[in-house]
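Undergrad: Sequence:
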Amino acid sequence: MRAFWLVLFFVLGAPASFAEQRCDAQVPVQRADLGAVSLVYQSVGAPRDPALLLVMGLGGQLIHWPDDVVEALCRQGFRVIRYDNRDVGLSRWNQLPPSANLTVELLRYKLGLPVAAPYTLTDMADDGLRLMDALGVRQFHVLGVSMGGMIAQHLAAMAPGRVRSLTLVMSSSGAAGLPAPAPALVQLLARRSAPNREVAIEQQADLLAALGSPEVPDDRAALLHQAAVAYDRAFNPEGAKRQIMAILAEPSRVELLNQLRVPALVVHGTADPLLPVMHGVHLAAHIQGSQLRLIPGLAHRFQEPFKAPLLGAVLPYLQAHRQDVTHIAGL
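In mature numbering (1 follows the signal peptide of the UniProt record, and there is no 0), the protein residues as written are -19 to -1, 1 to 312.
By construction, these hints were calculated from the structure, which means they are not laboratory data.
Glycine included, C-beta positions come from ideal geometry on N, C-alpha and C.
Any given hint might turn out to be false.
To be verified - Label pairs and their computed distance ranges (CB to CB):
{"#": "1", "residue 1": "P164", "residue 2": "V197", "range": "21 to 31 Å"}
{"#": "2", "residue 1": "P78", "residue 2": "R178", "range": "19 to 29 Å"}
{"#": "3", "residue 1": "V210", "residue 2": "P290", "range": "20 to 30 Å"}
{"#": "4", "residue 1": "E179", "residue 2": "Q240", "range": "47 to 57 Å"}
Take the sequences, apply the hints, and build the full model.
TA: Encoded structure:
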């Protein structure tokens, strides 16, 4: 009996240390085989905590969610699940991809012609939904960034009874007439082929610099290191091209957004060079009851000086909705 009370004392008396252990972002990744796709994911936090699904943007891997941000979300009492989208990172799209030419599809897009994409953002949303099925998670919160926010919009429309809250960061409604990114930035995004590792890393560092805030001077060595880590984990430029085509082929989501009845927070930066701030304003305007948080100076990257403002916008919102979730294991 004495041993029982000692164990209880240590469990209840040291919540901080247990929370730190529970929220270790270095836990091993796992793989979920979902038929057409095989997704690599990481689950950080207690399995019985409310689940928060993180959906990454174009060409991004799960490692592009900063570990300290993941751990901060976990310490709020969430089970944080981040994953590699199909066609990037360590995830696989288990189909022979049809032949597709990004240059041709970009031209068709500029001419207002239909764009042919090997898969759609709806397909990618279904990937996330099936991952949660595989994990036995019935209801969950979703946080998507950039293209991941577009995928999250579809996910909420597909499963409104399962998505308990929606957080959209640096994203868009895809409506016609919104401000376009600079042509030079589009060229950097489309430049996905490289003859060797060194050139690929230089190209990615160039892209990261272009997506950053003019208020924050970049350390070139740090950008090169970040690009090298991502390259050495996985390099699939053709997958990123197919994701670009999925975005180009996507019609406006305004009608979809007008029908959403999921609690939503939209967070956008005033210095976003890829999706200028009106994308965030327009997105929030078309989700009934949504909240909008604009962050001065934030661009289209998780840069260190903006982590605190981002978390300051996101954490109170998530915490306010945290208890609105019910999990049912064993779907």
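Undergrad: Does each hint fit the structure? Answer for all of them.
TA: Evaluated hints:
Judged by the Cβ atoms, the range 21 to 31 Å given for P164 and V197 holds: they are separated by roughly 23 Å. In this structure the supplied range 19 to 29 Å holds for P78 paired with R178, their Cβ-Cβ distance being about 23 Å. Our hint of 20 to 30 Å for V210 and P290 holds, since their Cβ atoms are close to 25 Å apart. The beta-carbon spacing between E179 and Q240, approximately 48 Å, falls within the hinted interval of 47 to 57 Å.
Figure legend: structure checked against the earlier numbered hints; every hint is met.
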